[in-house]
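> Sequence:
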Amino acid sequence: MGKTILKILAGIIVGLAVIVYFSYDYWLEKKLKYQLSEIINKDPNSLYEYSFSKLNIHLMEGSVDLKGIKIRPTETAYDSLANEENGVRFLLNLNMEEIKLKGFEITKFLTTGIISAESLTITEPVFDYFFHPRKKKANSTLPLNSIFSDKFVEANLGVFSIENAQIKIIDQTRSGPAILIHHMDFELTKAHIDSTTLQRFSPFDYEDIKIVAAGINIDASENFSIKSDSLRFRVKDETILIKNFQVNPKLGQKRFANKYQVQKQWFAITLDELVLNQIDFDSFVESGLVDIGKIELKSPNIGLYKDKSKPPPPFKRKLLPASAIKTIPWALSIDTVVITNGFVTINETSALTSKDSHLTLNKLNATVYNFTNDSGSKKNNPIMELNAASQVMGVAATQINMKFDLNSKIDEFSVHGSVGSVSGKTFNPVLEPMMAIRVTAGMVNHIEFSFTAMDTLSRGTLDADYKGMKLEVFKADSTAKKHHKQGLLSFAANTVVKSNNNKGRTNYIQGVIKSERVQEKDVWPYLWHSIQSGLVSTLVPVTNKKDAKQQQKQFRKDLRKDKKAK
Numbered sequence: 001m002g003k004t005i006l007k008i009l010a011g012i013i014v015g016l017a018v019i020v021y022f023s024y025d026y027w028l029e030k031k032l033k034y035q036l037s038e039i040i041n042k043d044p045n046s047l048y049e050y051s052f053s054k055l056n057i058h059l060m061e062g063s064v065d066l067k068g069i070k071i072r073p074t075e076t077a078y079d080s081l082a083n084e085e086n087g088v089r090f091l092l093n094l095n096m097e098e099i100k101l102k103g104f105e106i107t108k109f110l111t112t113g114i115i116s117a118e119s120l121t122i123t124e125p126v127f128d129y130f131f132h133p134r135k136k137k138a139n140s141t142l143p144l145n146s147i148f149s150d151k152f153v154e155a156n157l158g159v160f161s162i163e164n165a166q167i168k169i170i171d172q173t174r175s176g177p178a179i180l181i182h183h184m185d186f187e188l189t190k191a192h193i194d195s196t197t198l199q200r201f202s203p204f205d206y207e208d209i210k211i212v213a214a215g216i217n218i219d220a221s222e223n224f225s226i227k228s229d230s231l232r233f234r235v236k237d238e239t240i241l242i243k244n245f246q247v248n249p250k251l252g253q254k255r256f257a258n259k260y261q262v263q264k265q266w267f268a269i270t271l272d273e274l275v276l277n278q279i280d281f282d283s284f285v286e287s288g289l290v291d292i293g294k295i296e297l298k299s300p301n302i303g304l305y306k307d308k309s310k311p312p313p314p315f316k317r318k319l320l321p322a323s324a325i326k327t328i329p330w331a332l333s334i335d336t337v338v339i340t341n342g343f344v345t346i347n348e349t350s351a352l353t354s355k356d357s358h359l360t361l362n363k364l365n366a367t368v369y370n371f372t373n374d375s376g377s378k379k380n381n382p383i384m385e386l387n388a389a390s391q392v393m394g395v396a397a398t399q400i401n402m403k404f405d406l407n408s409k410i411d412e413f414s415v416h417g418s419v420g421s422v423s424g425k426t427f428n429p430v431l432e433p434m435m436a437i438r439v440t441a442g443m444v445n446h447i448e449f450s451f452t453a454m455d456t457l458s459r460g461t462l463d464a465d466y467k468g469m470k471l472e473v474f475k476a477d478s479t480a481k482k483h484h485k486q487g488l489l490s491f492a493a494n495t496v497v498k499s500n501n502n503k504g505r506t507n508y509i510q511g512v513i514k515s516e517r518v519q520e521k522d523v524w525p526y527l528w529h530s531i532q533s534g535l536v537s538t539l540v541p542v543t544n545k546k547d548a549k550q551q552q553k554q555f556r557k558d559l560r561k562d563k564k565a566k
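Each step along the sequence shown adds one to the number in the numbering used here, with nothing skipped, and position 214 is 214.
A few of these clues could be false.
Stated by the list, open to error - Below, simulated DSS-like cross-link-like pairs (lysine-lysine); rule was C-alpha separation at most 30 Å, straight line:
1. 250 - 318
2. 409 - 264
3. 227 - 190
Note that these hints are calculated values from the structure, not bench results. Every value quoted in this text rests on a predicted model; they were computed, and no experiment measured them.
I would like the entire structure built from these sequences, with the hints used as guidance.
As structure tokens, then:
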């Protein structure tokens, strides 16, 4: 009898304990859910609205699972982003499969409001980042600052990680496609966040950070796409490293050209690695300035093609570098751009011969300093400078220096350059199809040129030291279009070519650079036409008309006066 009573009492005690345990468990879970909900901002005027499909709390394990999380900008927020007078500069739309909190110190959270956990993992999130590039006002749309209420105290996480994320970056002012970063993994160790850090764009303090993505995809236009392999972020020097960066045409050269009735530029670009070093994220968030210390383009391979047998497109004035940079729709300051071990191939179909020209720049190394449209940067240094060296056609050592006045209203710039020793025949793959001229003999010892230019005209001198130069002029294709000028062909065909030009000799001729800019062409054709004018005045001096010869002499005299005046 006694044993039976004891068993009954024991059963009652166990039953009561179970009831108390589950009642306490239920009460604790309810309180935890309430307190977690209290740290979420429920302000109806907030830029964001939030929802989730399921919350699981495992008290024994100290874990919390939140599923189907959505953080969406309100319609008012989108309207504010579109309004250029409003301070809202960017918004985030987030969809997250799961947020898992492990090693959660529940009692500490309930008593102090502090979140402490071994890890917080966000699984398969999709981030849509909308931004307005023209807005420069202080940002009022920091997402975490909008999400948490003033009851949020702080969070300390052993590891904060995001797994298999997809990020879209969307320019609110354009209807074009977004930048897509796919399969991104992100990890912070010893992460800390509180009400103070929430005011920053990067709201975490941390010991270390790792960011890796499988690649980037951009459907840039109907003709071109952009992609890359892995992307990594290196925290110690705020550097982004992108492997195998590519700009890919969707059609081959000829098919692309046949798609259009007028001339159109085809291009393809690959880089072994693209490195963006010393990125000032705080400056971007605070003022909208894209401030980068150095950009490195490692081993670029660039292909260019244009079918010049087609008529030119309707007139559209091209901007030279100083003016073109000003049109970039956001403030930009890049201290240095470095190109190492580049290779460029340039092909054109000639209107004169219907044949394709071929030009290569091998072992291209270049540095650009002070690439900026930022008024503060231009005040400190108004000059953008390019230094480049290459082997043209793989053999002609070529160097060039260009300086652009970024404050000039007439796009003033200067050019100095040289070409080393090379056989004249080296350039036949360009001369024959484009000018119907063939070099049959001759050696270029050295070429040096120097000129100043502005939006309308270039003026300077060219020194070409060469010997035994012989040119053969042949007839152009009878189908050549009438709207294409023959230029050097018609000039050389009726004039004696100077076969020797050696400095120090009495019959030496210094070339005169004088070229009017073709307004629908950019800086590179302008550069070539200027150099070409100096070569023509050396190779084909005007001797059959006294007045033309006197004009050249007077022009050289004016140049010397200009230099002395400076």
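> Now tell me if each hint is right for this structure.
These are the hints, each one checked on the structure:
1. For the suggested pair residue 250 and residue 318, the alpha carbons sit about 25 Å apart, so the restraint of at most 30 Å is met.
2. Distance restraint check for residue 409 and residue 264: the Cα-Cα separation of roughly 29 Å lies within the 30 Å cut-off, and the hinted pair is therefore satisfied.
3. Taking the CA atoms of residue 227 and residue 190, the gap is near 33 Å; set against the 30 Å cutoff, the hint is violated.
Hint check: a violation occurs at hint 3 only; the rest are consistent with the structure.
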